[in-house]
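Spelled out from the first residue to the last, the chains are:
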Amino acid sequence: EPEVTQTPSHQVTQMGQEVILRCVPISNHLYFYWYRQILGQKVEFLVSFYNNEISEKSEIFDDQFSVERPDGSNFTLKIRSTKLEDSAMYFCASSREGHSYEQYFGPGTRLTVT
Amino acid sequence: AQSVTQPDIHITVSEGASLELRCNYSYGATPYLFWYVQSPGQGLQLLLKYLSGDTLVQGIKGFEAEFKRSQSSFNLRKPSVHWSDAAEYFCAVVLKTSYDKVIFGPGTSLSVIP
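One line per chain: the protein sequences are A and B, in this order. No gaps in the numbering here: position 9 of the first sequence is 9 in the working numbering, and each next residue is one more. Count along the second sequence starting at 1, add 114, and that's the number in the working numbering.
These are computed hints drawn from the structure, not numbers from a lab. Ideal placement from N, C-alpha and C gives every residue a C-beta, glycine not left out. Do not rely on the hints blindly, as some may be mistaken.
Computed list of lysine-lysine pairs in DSS-like fashion (alpha-carbon distance at most 27 Å, straight line) [claimed, not checked]:
id, chain 1, residue 1, chain 2, residue 2
1, A, 78, A, 57
2, A, 42, A, 57
3, B, 163, B, 175
4, A, 42, B, 182
5, B, 163, B, 182
6, B, 163, A, 57
7, B, 210, B, 163
8, B, 210, A, 57
9, B, 163, A, 78
10, B, 210, A, 42
Chain B side only, calculated, beta carbon under 7 Å to chain A, not exhaustive [as the list claims (entries may be wrong)]:
id, residue
11, 156
12, 158
13, 171
14, 173
15, 174
16, 175
17, 177
18, 181
19, 213
20, 214
21, 220
Just chain B, with the same shape it has in the complex (with noise of 0.2 Å):
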């Protein structure tokens, strides 16, 4: 079936270790990738994108994620965790066929320990 999935539902790290958020996507062609974020009381802040071109991309607030198209995977990471960066981080696609529409995986929940 066609999805994006989050396989971690919750991570916990330890502020200042390094951060990786899995993102799996199965669709025929490749889509338009995202992260969101969403800190509480916030809305959906776009972390980062990638369209084309080179795999890996560079977002907001020090994030970073890679493109793999082998894998079907656009995995998000960040060298050094902050406490500020406690959140809720959705991978999301648009289809080359429907532009109007993101489609969000399950989100994943960071808790970040002083």
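With the rest of the complex left out, here is chain A (with noise of 0.2 Å):
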């Protein structure tokens, strides 16, 4: 059964520093999503992107985040310049095409901002 991936599973950076997280969502979904989850608190949505463009974002996405498909399997996180309180769990999904609602998340990158 086709999943969504995610790398790295667990990343560590310094304050300060700049960090890509990746996605390679399933191959024939056109929607893609980026979530996070702070230890303890809710899954949250940051972003929604669709034929190339930012269909929906949160407050949370501000200037400091960024989302890119560099190419036609990879699908990016980045984050210019991180804070501590950017230590979360970063989950990726994607969904097909008129099914938006129903979305595929992979397993998750950790944060840790030190």
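Please dock the two separately framed chains into a single complex, following the hints provided.
Here it is as structure tokens:
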């Protein structure tokens, strides 16, 4: 069964550094998403991406964040200058056209900012 | 306030016992309703969904859920729990005004006693 994959599984970085989290969505899916879960808190929506542009973003997704689909298979989340409060589990998800409500999630990347 | 609530933070059941996890939502119109499961070290797996029609929906791993409009609830059930069901369970909604965003409840942690 096809699945969403994410790399790395765990990333440790120093405050102020840039990080790129990578995701490979399911191959025939056209909608892509990022969510995050701060330890002990809810899973929160960050951004959705379709047709090479952001379709919706939350107030969390400020200028420090950006997303990109650099090629036909990868979908990335970049945090330009990490803060301690960016420490969280980041989930990528994808969905197929006409079924954006049914999202398939990857295993997550745990980001630790020190 | 608009929200998804899961009243039980943590539930412990014996293996073979029945299970019911509660979920309530507070939105003007009935959203699409979902249950996700997160096993340790795993991503968020979709268990089942309610979009419309029959209010009792079947999912994977022997789970079912019942939508009750009058109670704004979407409770998850399983007649006989297995030790492998120990995980975090998230109720989630997608608003029909914003298909891109899955809104998660806080989660219920399930422990299973052998």
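So, against the hints stated earlier in the document, which numbers end up violated here?
9, 13, 14, 15, 16, 17, 18
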